[in-house]
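S.K.: No gaps in the numbering here: position 75 of the sequence shown is 58 in my numbering, and each next residue is one more.
No lab work stands behind these hints: they were computed from the structure. Where hints are given, some of them may not hold.
[Stated by the list, open to error] What follows is a list of derived Cβ distance ranges for each label pair:
{"hint": "1", "residue 1": "Ser143", "residue 2": "Ala75", "range": "25 to 31 Å"}
{"hint": "2", "residue 1": "Ala41", "residue 2": "Ala87", "range": "21 to 27 Å"}
{"hint": "3", "residue 1": "Asp38", "residue 2": "Arg78", "range": "18 to 24 Å"}
From the three backbone atoms N, C-alpha and C, an ideal C-beta is built for every residue, glycine too.
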Amino acid sequence: MTDASVTPDISALDLAALLCSRVCHDVISPVGAIVNGLEVLEDEDAADMRDVALDLIAKSARQASARLQFTRLAFGAAGSAGATIDLGDAEAVVRGMMEDSRVAIDWTLPRELQPKNRVKLLLNLCLLAGTTIPRGGRIAVGPAPGGAGMGFVLSMSGASARIPAAVPALVSGTQPEGGLDAHAVQPFYAGLLARESGIKVAFAQDGDTVVISALAA
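Use the sequences and the hints to build the structure in full.
M.R.: Rendered as structure tokens:
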């Protein structure tokens, strides 16, 4: 990302620091659970408690790995300038990070290489998609009319689906009055990626369905 893509209201250093805070927030919970499980193993002799601890450690380790793989692509450099990322790799990290008993993923994008910032944008939009269905539901990720080269469309359906009030403004580049924090930086960063990639992001809602369109400008 060049300095020109960062608004005058936030320095590149502050943006990097906030993104690092966001990544730490995503991984600290499963890592903490691993530590708790290890403490149980050290203190407990009961076989049933040891089994519970081992299950917690295994589950948390998988979760931490999935989150790290996702954030590496969504926020990391992911190769040199001009690099491309396979949409199939994007699907794998999205499923690992987000798909569970509450959230189903329907992925119909083709397996093809796309510019890395476009794929990073897609991953960040998937994170935003998750916030629109707080009680769980289905996230459908597909190509824009005309194909994936023209952009992406994400459709989310579920009980109490809604567009988080602050998100559209953050994606458009508007900062909160108190400035960005580790929570607000992710949708703001998605907007930076969209503008860098020549993509226009729009939000719409119809009943219990929310649509995020990311179309070539």
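S.K.: State for each hint whether it applies.
M.R.: Each hint tested on the structure:
1. Checked against the given bound of 25 to 31 Å, the beta carbons of serine 143 and alanine 75, roughly 29 Å apart, stay inside it.
2. Between alanine 41 and alanine 87, the C-beta spacing of about 23 Å keeps the proposed range 21 to 27 Å intact.
3. As the Cβ distance of aspartate 38 to arginine 78 is approximately 22 Å, the hint placing it in 18 to 24 Å holds.
In summary, this structure violates none of the numbered hints.
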